[in-house]
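Build the full structure now, drawing on both the sequences and the hints.
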Amino acid sequence: MAILIGDETATRGGDGEFPHVNAATGRTQAAVPLAGADQVDQAVAAARAAYPAWRAWRP
Numbered sequence: 044m045a046i047l048i049g050d051e052t053a054t055r056g057g058d059g060e061f062p063h064v065n066a067a068t069g070r071t072q073a074a075v076p077l078a079g080a081d082q083v084d085q086a087v088a089a090a091r092a093a094y095p096a097w098r099a100w101r102p
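Taken in order, the sequence shown gives residues 44 to 102; the numbers are from the numbering used here.
Honestly, the hints are just simulated from the structure, not real lab data.
Note that the coordinates shown come from a computational prediction; the quantities given were computed from them, not determined experimentally.
Worth double-checking, as some hints may not be accurate.
Unchecked claim - Pair ranges (Cβ atoms, derived):
(1) V64 x W100: 31 to 41 Å
(2) A96 x T68: 40 to 50 Å
(3) A99 x T71: 35 to 45 Å
Every residue, glycine too, gets a C-beta built ideally from N, C-alpha and C.
If you want it as structure tokens, here you go:
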């Protein structure tokens, strides 16, 4: 699992990890990184920067 910010991935979250547990087996399937405040700020900035091109795109 990774956090995608713009076109970059981060395998570690600033706020640690969350264990994803399979409800049927009770076993942990993956460790999900939890974004920290700085990573959230970076993601919001990347989204704002990408928005004008996304909005102008026509199918």
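We went through each hint and held it up to the structure:
With their beta carbons about 38 Å apart, V64 and W100 fall inside the hinted range of 31 to 41 Å. Against the hinted window of 40 to 50 Å, the Cβ-Cβ separation of A96 and T68 comes to about 43 Å, which satisfies the hint. About 43 Å separates the C-beta atoms of A99 and T71, a value consistent with the hinted range of 35 to 45 Å.
The structure shown violates none of the earlier numbered hints.
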